[in-house]
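*Asks:* Now for the letters of each chain:
There are 2 protein chains.
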Amino acid sequence: MTQAKPDQQAQQGNSSSDKKAQQYGVTPQSVDFNDWYNEVVKKADLADNSPVAGTMVVKPYGSALWERIVRWLDDAFKERDHESLIFPTLIPMDFIMKEADHVEGFAPELFTVNKIGTEVLAEPYVLRPTSETIIGHMWSGWLNSYRDLPFLHYQWGSVFRAELRTKAFLRTSEFYWHEGHTAHASEAEAQAEVRMILELYHQFCRDILALPVVRGEKTASERFAGAAATYSIEGMMRDGKALQAGTSHYLGQKFSKAFGVKFQTREQKEEFAFTTSWAISSRIIGAIIMTHGDDKGLMMPPNIAPIQVVIIPVGRKDNFEEMVVEADKLAAKLKGQGLRVRVDGREGLTNGFKYNDWELKGIPVRLELGPRDLEQGVLVVKNRTADDKETLPRAEAISGMKARLDEIQGFLLQRATDFMLENTVTVDTYDEFKAAIEDGKWVRAFHCGDAESERQIKDDTKATVRNIPLDDAEFFAEREDGVCVHTGKPAAYGKRILFGRQY
Amino acid sequence: MTQAKPDQQAQQGNSSSDKKAQQYGVTPQSVDFNDWYNEVVKKADLADNSPVAGTMVVKPYGSALWERIVRWLDDAFKERDHESLIFPTLIPMDFIMKEADHVEGFAPELFTVNKIGTEVLAEPYVLRPTSETIIGHMWSGWLNSYRDLPFLHYQWGSVFRAELRTKAFLRTSEFYWHEGHTAHASEAEAQAEVRMILELYHQFCRDILALPVVRGEKTASERFAGAAATYSIEGMMRDGKALQAGTSHYLGQKFSKAFGVKFQTREQKEEFAFTTSWAISSRIIGAIIMTHGDDKGLMMPPNIAPIQVVIIPVGRKDNFEEMVVEADKLAAKLKGQGLRVRVDGREGLTNGFKYNDWELKGIPVRLELGPRDLEQGVLVVKNRTADDKETLPRAEAISGMKARLDEIQGFLLQRATDFMLENTVTVDTYDEFKAAIEDGKWVRAFHCGDAESERQIKDDTKATVRNIPLDDAEFFAEREDGVCVHTGKPAAYGKRILFGRQY
Chain A
29 MTQAKPDQQA QQGNSSSDKK AQQYGVTPQS VDFNDWYNEV VKKADLADNS PVAGTMVVKP
89 YGSALWERIV RWLDDAFKER DHESLIFPTL IPMDFIMKEA DHVEGFAPEL FTVNKIGTEV
149 LAEPYVLRPT SETIIGHMWS GWLNSYRDLP FLHYQWGSVF RAELRTKAFL RTSEFYWHEG
209 HTAHASEAEA QAEVRMILEL YHQFCRDILA LPVVRGEKTA SERFAGAAAT YSIEGMMRDG
269 KALQAGTSHY LGQKFSKAFG VKFQTREQKE EFAFTTSWAI SSRIIGAIIM THGDDKGLMM
329 PPNIAPIQVV IIPVGRKDNF EEMVVEADKL AAKLKGQGLR VRVDGREGLT NGFKYNDWEL
389 KGIPVRLELG PRDLEQGVLV VKNRTADDKE TLPRAEAISG MKARLDEIQG FLLQRATDFM
449 LENTVTVDTY DEFKAAIEDG KWVRAFHCGD AESERQIKDD TKATVRNIPL DDAEFFAERE
509 DGVCVHTGKP AAYGKRILFG RQY
Chain B
29 MTQAKPDQQA QQGNSSSDKK AQQYGVTPQS VDFNDWYNEV VKKADLADNS PVAGTMVVKP
89 YGSALWERIV RWLDDAFKER DHESLIFPTL IPMDFIMKEA DHVEGFAPEL FTVNKIGTEV
149 LAEPYVLRPT SETIIGHMWS GWLNSYRDLP FLHYQWGSVF RAELRTKAFL RTSEFYWHEG
209 HTAHASEAEA QAEVRMILEL YHQFCRDILA LPVVRGEKTA SERFAGAAAT YSIEGMMRDG
269 KALQAGTSHY LGQKFSKAFG VKFQTREQKE EFAFTTSWAI SSRIIGAIIM THGDDKGLMM
329 PPNIAPIQVV IIPVGRKDNF EEMVVEADKL AAKLKGQGLR VRVDGREGLT NGFKYNDWEL
389 KGIPVRLELG PRDLEQGVLV VKNRTADDKE TLPRAEAISG MKARLDEIQG FLLQRATDFM
449 LENTVTVDTY DEFKAAIEDG KWVRAFHCGD AESERQIKDD TKATVRNIPL DDAEFFAERE
509 DGVCVHTGKP AAYGKRILFG RQY
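Chains A and B, in that order, are what the protein sequence lines are.
Take the first sequence: its letter number 275 is residue 303 in the numbering used here, and every next letter is one higher.
Take the second sequence: its letter number 408 is residue 436 in the numbering used here, and every next letter is one higher.
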């Protein structure tokens, strides 16, 4: 298994990163990545276990992070003339049954409501696993003419898909997301929407979350239940596994035919709408955690961090309150630059405890402010991505804060990109393929496109096709010819495709 | 029944408001207020009927309005150091059973989930009717010391309470809200929180929604199921009925004892936390509709309106596109002032249709822009609250837009306040009481505080105690002594209290 490499900048000067991590109470990534994840989620106050099987409780810090994700994406949708709606959480059971692939995909995961008050329902409801069906039903009533199109809709909310083994943010029976749903008068327009959204997701991941992702199309066996084509963005976690961070589906006329979503064309003919759906869910928080975190805990990319700068007033009993007042003044200055700042004025805690607590929470920059610093006009500055503190003239530290945060943002993206590229292997034989997957790498290989071969590869290696990188993808896009790494047949797709184990 | 009085400003120059309303396709308020409401909701594109019994689908315009409500309140909570969390939608059935009053209040309205996938559940879940129970359960794990308090939490989401007769926004089985939940180390602190929130709700209604509301305490029989005290804000709709627009509950130690939410005090003793909960729901949209609307449709208060100014390019076929371009330029100017502006560039619709459509949607200001206006450097301006158009020099219309919107906001609040005061009657006999209620008024009267008497009054008149106005309420706060209008016993509360029929 690929180990998260000790980051040179972050680990500089540590003789034993294991020991240090234990001191902070988190299992090192190299010892058990799964334990590391669960402990960080809980200790950084992102989420807690829930008394409801399969679900989580998102705590204030996790909720603040999710709200920032929601806000950014919501603004982006609105800028692109998309409109939000609110559909009911319950869906009549028979709606789910109307699209054959859809019901097959979702039936085993459905939550059923069979009683309201004391009345047992003849026709039960399900908690939505996704809303294509009820939205299709409503659209059929709203749509008359090509003039009504496109419908550019989305909603924020939660959906329900039964999970046996819970993992906060990554695998929960109730999860949080937006689901976009659009209807168009032509296939070309719908396809353009699907690709526009995929590109938006890509930009969001790259520029805001510092997550390098590979844009590509899923193979038929990995498509969304009911889609004609599914596109995804895939990111590499620090254990080498892939995480599908967002999806955008072209649904063709499948759902519009199932729900009668039709319109009169400009030429006065009757036609079914061409529809799309797309989503990013709360699992993206898992991607942030597992792409950037280290043995000290989280590392929040500054552009999404709920708190970008934490100020620790460092004083003894007799001057602590004065230092808190000074820290508040400093915070006001930084907030004046539009930065998100927190002063840790908690009493009765050691400075060391506070440093570790905020490092665990991944705050990009820590400032320490003591009486001597105040006297000397300096600030002690510590980047979360660095191991050493700096002492800087106060004015310089303040005026340089935005640039410092940008630098940290850039560093995180570069580090994650390097990690992904270093841990992706190009192979031509099935032995190389298996060895690389076993070693926790992603694999680029030719494939014949045969679904049965995909299934066998999965049985052999637990790896699946992550996607077929698009021609304009930032990574792995080169067009090439070759023969299938598994069957030796001529390769499909005109390029190597991406395999890996996944979350 | 109190009729919505023809608003003098809005109706000026109309010989027949009924006829005009019919032309726009909405039943006049004076003919059937209920039909008027349902038609306005649907025709203004706020919400639509849903295939799920008891629920609604909120359409883009309704969703945009709700989002603005959410944004304002969310910012206010955060400014006051409250933190959002996300709790699961499902709650174990036995949690609901733990607080006796709570289960009695909610049992008849619960949605039960009895199956996940193919597995029938031995212990069913309910869809949350409200989240005190699961939050109490989680708090019991998070709380140790008085140092951890206060917990100042809230969440946005939907809750489920079965309703047989649906009315969009006012009465739906699934509705949307925030629920605030706080825990404190002392009763005094918890009570202060309850009152602080009530005051915030009051300010929000008055300053943003232009809704005059009466802050007061509920009588014991009208309390939230499980509360030690319930406070509400009550507004008067244009048919004279009351709408409870927000509630704030002091829960004492009832829920903390049921769920073991206890802490070590400063004096090292064990104590149960003092908790509160509070909410404003999507029914507040019903209050906006029914307080401000007239026979032409909605009237959106400018401070909450998703669109404050709509620009109609008025052109013939040969110059329509040019007018759209000019309208877009004008929109950009107004947006530069921070205003929310829409250009109606739809083709193939008459100007009259567009005017009516945007009046129905209640856009505060309409601008009309035609070739001659452009030539002459003027704009045609129409306030939604006025009946006549004005023609103004372009620069004046633009620079005065903010002041114009403020004026409309002030006008709506004043008109609603006048309406509420005019339709509230002070009575001293039960005959007067019954006559006033029958006439669709609110009644101010003395009451003995006896629950059985309240029940009889309700049986006789369908009116209930709306609330006991607080001493610092903006309306009806005067302290007075007297005898009960119903029983002749000495009055409780030291003041007249407010009765009315309610939504």
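Worth flagging that the hints you see were computed from the coordinates, not collected in a lab.
Model, not experiment: these values are computed from the prediction.
Be aware that a few hints might be false.
A pair counts as met if it fits within one copy or between any two copies, since identical chains are not told apart.
Calculated pairs, DSS-like style, for lysine-lysine (alpha carbon to alpha carbon, straight line, at most 30 Å) [claimed, not checked]:
#: 1; residue 1: Lys490; residue 2: Lys363
#: 2; residue 1: Lys290; residue 2: Lys517
#: 3; residue 1: Lys517; residue 2: Lys345
#: 4; residue 1: Lys363; residue 2: Lys410
#: 5; residue 1: Lys269; residue 2: Lys290
#: 6; residue 1: Lys517; residue 2: Lys143
#: 7; residue 1: Lys126; residue 2: Lys345
#: 8; residue 1: Lys269; residue 2: Lys143
#: 9; residue 1: Lys106; residue 2: Lys410
#: 10; residue 1: Lys363; residue 2: Lys106
#: 11; residue 1: Lys363; residue 2: Lys285
#: 12; residue 1: Lys490; residue 2: Lys345
#: 13; residue 1: Lys143; residue 2: Lys126
#: 14; residue 1: Lys430; residue 2: Lys363
#: 15; residue 1: Lys486; residue 2: Lys517
*Asks:* Please list, smallest to largest, the hint numbers that this structure does not respect.
*Replies:* As far as the earlier hints go, 1, 2, 3, 5, 6, 7, 8, 11, 12 are violated by this structure, in ascending order.
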